[in-house]
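S.K.: What follows is the residue order along each chain.
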Amino acid sequence: MTVRIRGLGQFRSIFGEQAQSINLSYGDRLKDLLRAVQGKWADSLPSHLWDHENRTVKRPAVLMVEGKRVTDINTPLKENQEVLITKISVGG
Amino acid sequence: MKGYMGKLLRVDLSKRSVMVEPLPEHYARDYLGGSGLGVRLAYDEIPPETDPMSPQNKLIFMTGPVTATSLGTAGRYQVIFKSPLTGILCDSSSGGHWGAALRMAGYDGLIIEGAATSPVYLYINEKKCEIRDASQHWGKDTFSVQDDIRQEIGVPKARLAVIGTSGERGVLFAAIMNDDARAAARGGDGTVMGSKKLKAIAIHGNLQVDLADPEGFKKVALDINKENATSADIEDLRMYGTTDVLDSRWAISDIPVKNWAIGSSEEICTPIGGRKVYELMPKKHQACHRCTIGCARWTKIDAGPYMMDAPGPEYESTAALGSMCLVTNLEAVCFANHLCNSYGLDTISTGSTIAFAMECYGKGYLSAKDTDGIALLWGNEEAVIQMIHKIGAHEGVGKLLALGTRRLAEKLGGSCIDFAVQVKGLELPMHDARAGFSWAPNYATATRGGCHLHGMTDLYEDSEDPIPEWGFTGTYERLSNEGKAEMTRFAQNWAHILDSLVICYFATVVLEPSDFCNLINTATGRDLKPLDLLQIGDRINALHRAYNYRCGIRRKDDTLPKRAMTPLKEGGAAGKIPDLDGLLEQYYRLRSWDAEGRPSREILQELGLEDVAQDLYPA
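If you read the sequences in order, they're chains F and Y.
Okay, so the first sequence: first residue is -6 according to our numbering, each after it adds one.
Okay, so the second sequence: first residue is 180 according to our numbering, each after it adds one.
Do not rely on the hints blindly, as some may be mistaken.
As the list claims (entries may be wrong) - Subject to a maximum C-alpha distance of 20 Å in a straight line, what follows is the list of computed EDC-like cross-link-like pairs (lysine to aspartate or glutamate): (1) F:K61 / Y:E446; (2) Y:K307 / Y:E331; (3) Y:K590 / Y:D551; (4) F:K61 / Y:E749.
Stated by the list, open to error - Okay, the calculated beta carbon distance ranges per label pair: (5) F:R52 / Y:E305: 44 to 52 Å; (6) Y:T409 / F:E46: 19 to 27 Å; (7) Y:E656 / F:E46: 18 to 26 Å; (8) Y:N385 / F:A35: 31 to 39 Å; (9) Y:D758 / F:T68: 21 to 29 Å.
By construction, these hints were calculated from the structure, which means they are not laboratory data.
Backbone N, C-alpha and C define an ideal beta-carbon position, used for all residues, glycine too.
Let the sequences and hints guide you as you build the complete structure.
M.R.: Spelled out as structure tokens, the structure:
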């Protein structure tokens, strides 16, 4: 199945302006997507926002699936879902 | 006392007198400086029943023990006054260089009292303070008056704090502007300055503050400056400025849209976000006193109706004048921001009041007859521009909007108060409590009304072990109530320390309380520990609350408007709201307040506020 990954903030410059398609197997979970992301962009993922050992984001970066914040990397993914990775910027 | 100039300058505009007084050292010890010390002076000198627009109100400009040193951002100042917008004590802060200039002229603070009978400005340097005629400058915009007075006094490097026509004419949310377009914006300090017929304060000096351990301080400051120049945590801030918030935080619905009615979306937010500002107008960054972050922008639009070449915009202004009004034309938003700066208006209150008026217009509370024929429709950027002109000049419908959302809602009646998004009369800043639950108890209890800078709780949402040196450990989910009352207390105290030192929030994202201690101790020769700072924060908060309590603030005032507590239907925070009542109950316990929000006698005594305890608990 195909899942789309998009980055905002600092992640936008890593993944590009448009959502990137990642091919996964049916039944794959968020952690499988994150493994694929690390496989493709390992050198670009900044260590202050990405845990290379556990293959996931570090706070204050967050993951969102279909517009909802997700913290469980075992969350199942579906065909054509969009996963967003963003750092919550400081400002005000 | 090392780390201080040791002097306060007091100017009585009614008597046209100038006095130099010693800085009360025990207050410097108990409150550090800046906002804390200013609130203490205000508590002593401005009776709570004072009419904010009367000569009895005061403007207390304060710096802190690190102001004008080698530390980045230490050019800021605080101004403390009774607010005409809220009716309670307000402390407002501004960046730039003016605060450093005040210290370099020889003063830790400047107290303005009384009122002149005709327009005046002050010229302060190391040797004198003159009260000069400003008749020829009355009516000028904030940019030209800075240039003209600088030329008039013949000091090209003089720093100016000024008001525009909005302050002269009684707009309740007029700002004090300095160093082009830095603003002590919130609560109407510019309005108070205007009521005193004080157009400007020009300062120049070259004195240096005497530090206890100059070499030690220099090392601490340089380490912090270096960290701020290189830390990956604030890379976006350095590159894109504060408007970067629009590019990332829409996903969690943090950005208010259409007067807080709908969840934020990419379509509304990114066209006016930091990357667009950067792509379209990358003329140059601006930095405050020795700051190595340089988050401020400068925008240049070469043609069209919004042609401009001026500072800005910041995030809060962009959201208030943009997404709140459904305006997504970046050039229009930049121009609207520039107009606010020219008139000397608080952009948060201005944008919020216009968005509120748009909703009133849509619901029939205002008609075209009321709005001087202007169609106050969502997304009508030209209407936003016209409204700013009207408010800034205080004419026509502008007189109505100049009241701010709370008073306008009370005037219009019906259900308007439900969607007037303010706390204690101060329009809420551009972060949504439905997207970060800690904002709710913070907005409800922040000492000057709805405010994010008096407790940037959001920094600690989803963060691991936020302030371990203060015993604040653990991780707290953004959309959970757990730990949010404690988070509010810690964040508010942190803010009190920053505002008393006086340094910028952004320069401290990478710091711990022990870093503050190192700064204070090398500057003053004291031996403060992190928990001492926590107690100083508690003291400042209790004192400010006590003042507000004496102004009539009670539990009923510690709340959020209905609109801000109505679940969003869409976006990253859809369907969720914080448990404000439960959080307030916890917060009151943490602060040792009674059911009406009065600090307990015991906590006041414990914090060394015996005189305040006697005021709140008369025999």
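S.K.: Are the hints correct? Go through all of them and say.
M.R.: Results for each hint:
A threshold of 20 Å between alpha carbons decides the hint, and for K61 of chain F with E446 of chain Y the separation of about 17 Å falls inside it, so the pair holds. Taken as a hint, the K307 of chain Y and E331 of chain Y pair is honoured in the structure, with Cα atoms around 16 Å apart against an allowance of 20 Å. Our distance criterion of 20 Å between C-alpha atoms is met by K590 of chain Y and D551 of chain Y, whose separation comes to about 18 Å. Straight-line distance between C-alpha atoms of K61 of chain F and E749 of chain Y comes to about 10 Å, which keeps the hinted pair within the 20 Å bound.
With their beta carbons about 49 Å apart, R52 of chain F and E305 of chain Y fall inside the hinted range of 44 to 52 Å. One distance hint, 19 to 27 Å for the beta-carbon pair T409 of chain Y and E46 of chain F, holds here, with the actual separation near 24 Å. Between E656 of chain Y and E46 of chain F the beta carbons are some 23 Å apart, a value that agrees with the proposed interval 18 to 26 Å. Checking the proposed 31 to 39 Å range against N385 of chain Y and A35 of chain F shows it is violated: the Cβ atoms sit about 53 Å from each other.
Between D758 of chain Y and T68 of chain F the beta carbon distance is about 26 Å. The supplied range of 21 to 29 Å therefore holds.
Of the numbered hints stated above, the single one contradicted by the structure is hint 8.
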